[in-house]
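The residues making up each chain are set out below.
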Amino acid sequence: MAVKLNQSEQVLLETLQKTGADKLAADFAKVGLPTRRNEAYHYSDLKMLLGDVPALTTGAISTSALLLNIEGAYRILIVNGEVQISDEPPAGMVVSTSKGGVVEPENDIIAKLNSALTKETLNIDLQGSLETIIHIDRRYEGEASHINDGVELYILDNSNATIIETFSGSNEAHLSNSASKVILGKDAKVTHIMVDLSGDRVRHLQSVQYELNESALLHSLIIHKGSALARTQLFAKFIGENAHADFAGLILGNNEQHSDISINIEHNVANTTSSENYKSVVLDRAKAIFQGKILVAKDAQKTDAAMKHQGLMLSDDAQILVKPELEIYADDVICGHGATCGQIDEDSLFYLMSRGIEREQAKSMLIRAFLAELFDEVKIEALKEALISVADEWLEA
Amino acid sequence: MSNMLEVKNLHVKVEDKEILKGVNLTIPKGETHAVMGRNGSGKSTLSYVMAGKEGYEITKGEILLDGENILELEPNERAVKGLFLAFQYPIEIPGVATMTFLKAAMNAQRKARGEEELLTPDFMREVKSAAKMLEIDSAMLKRALNVGFSGGEKKRAEILQMALLKPKMCVFDETDSGLDIDALKIVSEGVNALRDANRSMLVITHYQRLLNYIVPDVVHVFSNGRIVKSGDKSLALELEKHGYAQYDEST
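Protein chains in written order, with the working numbering: chain A, 1 to 397; chain B, 1 to 251.
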């Protein structure tokens, strides 16, 4: 039985029909947007939260300022879904575009919408040891728009790369549905960072997909600072033995922000390890959500995974919702999770103030201290400093 | 004004239980006083109330620092007026670098006095010379604040802060606890080096031992929430001999 579609869903359905995505349109007409009854969206009922869907847009001129400048990085712009390459890429990097989207994890309707509505995907192949940081600068510009974009990164065997993606643009009621797919070849070593710096009217949905081949090493970091509604869903698959990944993330929430990071980690083969380390800091009436699911398949013996979420609540009306989930089918694994949630430690605050430091400064020192662990994992100094500046700006606002 | 600190008839409650029951204590400028009392007598409460920790209900009395009542002030405001509490248990703060903290504290106090921020080379020089006096290894200063410090290192770090902040009223809360004899000597020498005519000190302890190294001008006996006897340094020796029991009946 088909659900009754609300106005946002009607617009999305018509958009799909106009694009010619008939199969998906027919499916979408039956189910609509995910609601709280869908486990993955339990705390982010998009049917309720999404709001008006603007007209589908592609291409524009980037007008807003660059919010995060990384010294010496090679930058590629994607403005309203349109890839704009101006400089010659560094050696070892091959850049191209392809029609349509690429990311379609599981049966996720948001990822499917992205895949159907993305006109052009940025494809990047990386080979060798790239010293240059790659900055994919994804912009949502102009009047309120509905934008879909996609990036596919392929880090070849034995190659190293550092990639940062930022999301920003004009502060209009955009609906951005973005996707990134990152494939790590054998022995590839990758740092992949995503930072949402969108304005406070934007709705930002992001799907990230990782595939880790044998002995690959991944450091993934998601930072949510902007947007009225932000949701990043991460799907990672270990498909080669001896691979390791550190998944990390940070939600900085204020005002009425609704910010959700949901991760799905699949250890499908033996001898793979991962750590999941997420933090949320919320004030005003902001809501932070962390859902972490780790699946260990039947043959994935010797899996070692440790998941952790730490929350810091800076106001009485803020909320942090955390849901860990372990699904383990193998019998020789180490798998654990932990969550803490608290306020600023009064004894620490008193100690700092007793030396003459003002209350607000002492508080920010303690919040910075809470975040330090996440940034310390970023080994490239220029990048680390840029990320700390994002947190500092948030703290000072 | 010749008194640095005056505690007048101070009554303090914690969760409806009266801990301080009329403390009177006057420390003139340049003098070092000791408050001795057994554990649980309310000595640490007195130090926390002086420094402005939350959670204490002051029902009566006042505390004057250099003639000014400080009870309504925030802890940082008391600090910039020259009050310093060396903690019994210095707080470990992972993620805050010791040097960042020292600089923030020194600059906060300079700002309150209307002075320019410290230049980094000047700051480094001051820290180095103070650290040398206290035999503090520079590796220790590179760590997070008090994290992984031994008991002795924590206490030395407290005295280092004091040496850098140059307070006029120093309160030591059980500074001797957790110190071996060598560390006790280093800490005491550090404290003694800072004694001068414009700086007063209050040493809170329940052992006489510390007072062999930091020799007080006046010793006060603290029992059941107030000072019950005051005398010269010989009082400490007498306490060591006869114990606190003789003062227990006083209410």
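Hints are computed from structural coordinates only; laboratory data are not their basis. It is possible that some hints are incorrect.
Computed list of lysine-lysine pairs in DSBU-like fashion (alpha-carbon distance at most 35 Å, straight line) [to be verified]:
no.	chain 1	residue 1	chain 2	residue 2
1	A	363	B	166
2	A	379	B	8
3	B	241	A	363
4	A	363	B	111
Computed from a predicted structure; not experimentally measured.
> Holds or violated: residue 241 (chain B) with residue 363 (chain A), Cα cutoff 35 Å?
Replying inline: violated (47 Å)
>> Next pair to validate is residue 363 (chain A) with residue 111 (chain B); report whether the Cα-Cα distance is within 35 Å.
In response: holds (18 Å)
>> Check the hint pairing residue 379 (chain A) with residue 8 (chain B) against an upper bound of 35 Å on the C-alpha distance.
In response: Status violated; Cα separation ~56 Å.
> Holds or violated: are the alpha carbons of residue 363 (chain A) and residue 166 (chain B) at most 35 Å from each other?
Replying inline: OK: residue 363 (chain A) and residue 166 (chain B) at ~24 Å, within 35 Å.
In terms of the numbered hints stated before, the structure departs from hints 2, 3, listed from lowest to highest.
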